[in-house]
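Undergrad: Below, each chain spelled out in residue letters.
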Amino acid sequence: MNLGRMLALARKETIQIRRDPRSLAVVMLMPVMLMALMGYGIGLDQTDVPLCVYDREGSQLSQDLLKSFVSNRYFDLKLNAHNYPEMVNAVDSGRCTVGVVIPLYFSKMLGAGHPATIQAVIDATDNNTANLIIGYTQAVVARFSTGVQLDYQQRNGPTLGVPTLNLQARTWFNEDLESRNFIVPGVVALVMAVIGTFLTSLTIAREWERGTMEQLISTPVTASELIAGKLIPYFVIGMVDAATCAAISAWWFEVPFRGSVTMLFGASALFLTGVLLLGFLISALAKTQLAASQFALLTTFLPAFLLSGFAFPIDQMPAAVRVVTRIFPARYYVTILKSVFLKGTGIEPLLAPMAAMVIFAAVVGGATIRGFKKTLD
Amino acid sequence: MAATLTAQPDDDVSVIVENLVKRFGTFTAVDHVTFQAHKGEVFGFLGPNGSGKSTTIRILCGLLRPTSGHARVAGFDVTADPESVRQHIGYMSQKFSLYNDLTVMENLRFYGGLYSVTGARLKERIAWALHMAALEGRDGSLTGTLSGGWKQRLALGCALLHRPPIVFLDEPTSGVDPLSRRQFWELIQQMASEGVTVFVSTHYMDEAEYCNRLALLMRGRVIAMGTPSQLKLGAVPGDLMLLEADSLQRALEVVKPLAQVHDAAVFGNGLHLVVPNPDAASGAIRQAMAATGVGIERLEVIRPSLEDAFVALTARASNPEAEARQ
Numbered sequence: 183m184n185l186g187r188m189l190a191l192a193r194k195e196t197i198q199i200r201r202d203p204r205s206l207a208v209v210m211l212m213p214v215m216l217m218a219l220m221g222y223g224i225g226l227d228q229t230d231v232p233l234c235v236y237d238r239e240g241s242q243l244s245q246d247l248l249k250s251f252v253s254n255r256y257f258d259l260k261l262n263a264h265n266y267p268e269m270v271n272a273v274d275s276g277r278c279t280v281g282v283v284i285p286l287y288f289s290k291m292l293g294a295g296h297p298a299t300i301q302a303v304i305d306a307t308d309n310n311t312a313n314l315i316i317g318y319t320q321a322v323v324a325r326f327s328t329g330v331q332l333d334y335q336q337r338n339g340p341t342l343g344v345p346t347l348n349l350q351a352r353t354w355f356n357e358d359l360e361s362r363n364f365i366v367p368g369v370v371a372l373v374m375a376v377i378g379t380f381l382t383s384l385t386i387a388r389e390w391e392r393g394t395m396e397q398l399i400s401t402p403v404t405a406s407e408l409i410a411g412k413l414i415p416y417f418v419i420g421m422v423d424a425a426t427c428a429a430i431s432a433w434w435f436e437v438p439f440r441g442s443v444t445m446l447f448g449a450s451a452l453f454l455t456g457v458l459l460l461g462f463l464i465s466a467l468a469k470t471q472l473a474a475s476q477f478a479l480l481t482t483f484l485p486a487f488l489l490s491g492f493a494f495p496i497d498q499m500p501a502a503v504r505v506v507t508r509i510f511p512a513r514y515y516v517t518i519l520k521s522v523f524l525k526g527t528g529i530e531p532l533l534a535p536m537a538a539m540v541i542f543a544a545v546v547g548g549a550t551i552r553g554f555k556k557t558l559d
Numbered sequence: 506m507a508a509t510l511t512a513q514p515d516d517d518v519s520v521i522v523e524n525l526v527k528r529f530g531t532f533t534a535v536d537h538v539t540f541q542a543h544k545g546e547v548f549g550f551l552g553p554n555g556s557g558k559s560t561t562i563r564i565l566c567g568l569l570r571p572t573s574g575h576a577r578v579a580g581f582d583v584t585a586d587p588e589s590v591r592q593h594i595g596y597m598s599q600k601f602s603l604y605n606d607l608t609v610m611e612n613l614r615f616y617g618g619l620y621s622v623t624g625a626r627l628k629e630r631i632a633w634a635l636h637m638a639a640l641e642g643r644d645g646s647l648t649g650t651l652s653g654g655w656k657q658r659l660a661l662g663c664a665l666l667h668r669p670p671i672v673f674l675d676e677p678t679s680g681v682d683p684l685s686r687r688q689f690w691e692l693i694q695q696m697a698s699e700g701v702t703v704f705v706s707t708h709y710m711d712e713a714e715y716c717n718r719l720a721l722l723m724r725g726r727v728i729a730m731g732t733p734s735q736l737k738l739g740a741v742p743g744d745l746m747l748l749e750a751d752s753l754q755r756a757l758e759v760v761k762p763l764a765q766v767h768d769a770a771v772f773g774n775g776l777h778l779v780v781p782n783p784d785a786a787s788g789a790i791r792q793a794m795a796a797t798g799v800g801i802e803r804l805e806v807i808r809p810s811l812e813d814a815f816v817a818l819t820a821r822a823s824n825p826e827a828e829a830r831q
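Protein chains in written order, with this note's numbering: chain A, 183 to 559; chain B, 506 to 831.
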């Protein structure tokens, strides 16, 4: 590795980046746009689920139950049905996602100390949403039911029933159970993966396309000098992008930041190096800019989106897919980012994912140097 | 011939090429090419497009791997040690390949950095390159804004920053105006006089005349090699005569069937005739022309040009039976 040759390349690349303000602007604005798009676009919370109610009793108590459905942000009463088919029709047509039927004698049964059953009809086309709605419905009913029980006991004196077991759940790290807090750190990883690979995947392909590579490889410059020299300016840009993403997460999306800034930038530097090198590998293999950019998207965006644990928990994936997730560095970066933002744990638990990212960068870097042939064959 | 490869090449030989073959799939771009070039020589590759000139140069620069055969440049094997070869050569590709979005000075500095030319030496070489390319005072211009001749000379300057002993120029003057072409060749001659071995490919006949030695390439094969005068004299079997007449077309019809004329072809304003015996041919031609009433304006023996040689040699190469008959 000749330092002079490497620096000559870094300087040349920097000049070329500066001379192309449009591309530079794209690269600087891309994290802002992607963060906004994905930070707002991807939410796993369900609020204002359209609700339809068929209250067959119309008593004070049934209206109280209805109120407890409507009094939170999860349900939005769209229709008060007058008969069963009207409710079914509302769910069938998609106007409402959930239909609740309160039976006749609802208040009488409860008043007499008997359990009453209400029916909920849920549109489960999207089973994830359906599961969420079932959860919300059960929570509403459970809370209402506790109130009814207390009421009953107050009126009739404590019954010698089975002592109820109470779960006092405390949610840690994401106390408000805001899915955004959980998603935004993942979005940072997604954005960095896309930008990192995009930045470098074009630079070598461009030299092949313009014919400048032929002159370049006729000089004594080596593959490692070429890659290191080109890496330096893009690394600087990538770190600025990482800082932008982190700032947007913390100040705009107000995701709690509990870990160390050093850890954030250390992990970002490692991840960035890996994906920048991946970009080089892609562009060394694909000699046109178009092929390189398509291949870059395929190898970074999709794994970072699907296999990083960003939105879809890795634990719930089939074993074979779980193994595949270990190949992509996005998984480790997401782990670290979530920890740095939400948990604020120390460095120790993060050493393993850090090491994994070092290994990824080393393997890809080695493959790039080997894969870059200084010939036109 | 293998013995010359294993033996230490003497100081004078800067490039040795032996049975070089390059195939792309089923297409043979370079077909058993063998030659040597000496220090300070201007060695020309002459041939039509696709004859293997660029491929041969690229192999010698270590940019393409030969399918078989050997090549040594500056004492280093191009297959085994391409990096050492690259230290000792300057290469200028056919297509302009400097960075258009860099200024003249930035391009020079960049290549200076790649060739490890630094400090006072870099300053001196950049000054030399700017002077040579007539770009003094324009060092801050974006390279993309320069016209063809300047770009070409700047590319040469970049390729020569490290004073390589061997230079490969692949069609350096294509798309360059005649004045720039002449200046370019003056530069080449000057380099050669300083002991630099210069390889040039071209399809301009007039440029080929400037070379010390020429290899004539056709379909990947060297069909003739020698100094321009050797080629001219050796290529034409017999003598060459020039015939100018009122009607070239009719004159051609008249002289072509004559037994005393081996070959006839239109060449500029006249016909070039290949004849074994000028005196006998002259009589037969005058007689035949008079009989058909075509007026002769000029009929004389001339020295063959390189173009004549090229035409004769390529005709012979593409028709091996005719060669066998002669």
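No lab work stands behind these hints: they were computed from the structure.
Note that beta-carbon positions come from the ideal geometry of N, C-alpha and C, so glycine has one too.
Any given hint could be a false lead.
Across the chosen pairs, the derived CB separations fall in these ranges [unchecked claim]:
| hint | chain 1 | residue 1 | chain 2 | residue 2 | range |
| --- | --- | --- | --- | --- | --- |
| 1 | B | 573 | A | 555 | 43 to 51 angstroms |
| 2 | B | 573 | A | 392 | 30 to 38 angstroms |
| 3 | B | 717 | A | 545 | 48 to 56 angstroms |
| 4 | B | 582 | A | 184 | 21 to 29 angstroms |
| 5 | B | 517 | A | 540 | 48 to 56 angstroms |
| 6 | A | 541 | B | 629 | 43 to 51 angstroms |
| 7 | A | 555 | B | 717 | 32 to 40 angstroms |
| 8 | A | 555 | B | 624 | 18 to 26 angstroms |
| 9 | A | 392 | B | 592 | 38 to 46 angstroms |
| 10 | B | 747 | A | 473 | 31 to 39 angstroms |
| 11 | A | 541 | B | 585 | 45 to 53 angstroms |
| 12 | B | 647 | A | 447 | 47 to 55 angstroms |
| 13 | A | 549 | B | 647 | 48 to 56 angstroms |
Undergrad: Against this structure, judge whether each hint is valid.
TA: Taking the hints in turn, this is what the structure says about them:
Taken as a hint, the range 43 to 51 angstroms is violated for the pair residue 573 of chain B and residue 555 of chain A, whose Cβ atoms sit roughly 19 angstroms apart. Hint check: residue 573 of chain B to residue 392 of chain A, Cβ distance near 32 angstroms, so the stated range 30 to 38 angstroms holds. In this structure the supplied range 48 to 56 angstroms holds for residue 717 of chain B paired with residue 545 of chain A, their Cβ-Cβ distance being about 52 angstroms. One distance hint, 21 to 29 angstroms for the beta-carbon pair residue 582 of chain B and residue 184 of chain A, holds here, with the actual separation near 22 angstroms.
Taken as a hint, the range 48 to 56 angstroms holds for the pair residue 517 of chain B and residue 540 of chain A, whose Cβ atoms sit roughly 54 angstroms apart. At about 47 angstroms, the beta-carbon gap between residue 541 of chain A and residue 629 of chain B stays in the expected band of 43 to 51 angstroms. Judged by the Cβ atoms, the range 32 to 40 angstroms given for residue 555 of chain A and residue 717 of chain B holds: they are separated by roughly 35 angstroms. Checked against the hint of 18 to 26 angstroms, the pair residue 555 of chain A and residue 624 of chain B fails, with Cβ atoms roughly 33 angstroms apart.
At about 25 angstroms, the beta-carbon gap between residue 392 of chain A and residue 592 of chain B misses the expected band of 38 to 46 angstroms. At roughly 57 angstroms, the beta-carbon separation of residue 747 of chain B and residue 473 of chain A lies outside the given 31 to 39 angstroms, and the hint is violated. About 34 angstroms separates the C-beta atoms of residue 541 of chain A and residue 585 of chain B, a value inconsistent with the hinted range of 45 to 53 angstroms. Under the hint 47 to 55 angstroms, the C-beta atoms of residue 647 of chain B and residue 447 of chain A, about 36 angstroms apart, miss the expected range.
Residue 549 of chain A and residue 647 of chain B have their C-beta atoms about 36 angstroms apart, which leaves the hinted 48 to 56 angstroms range violated.
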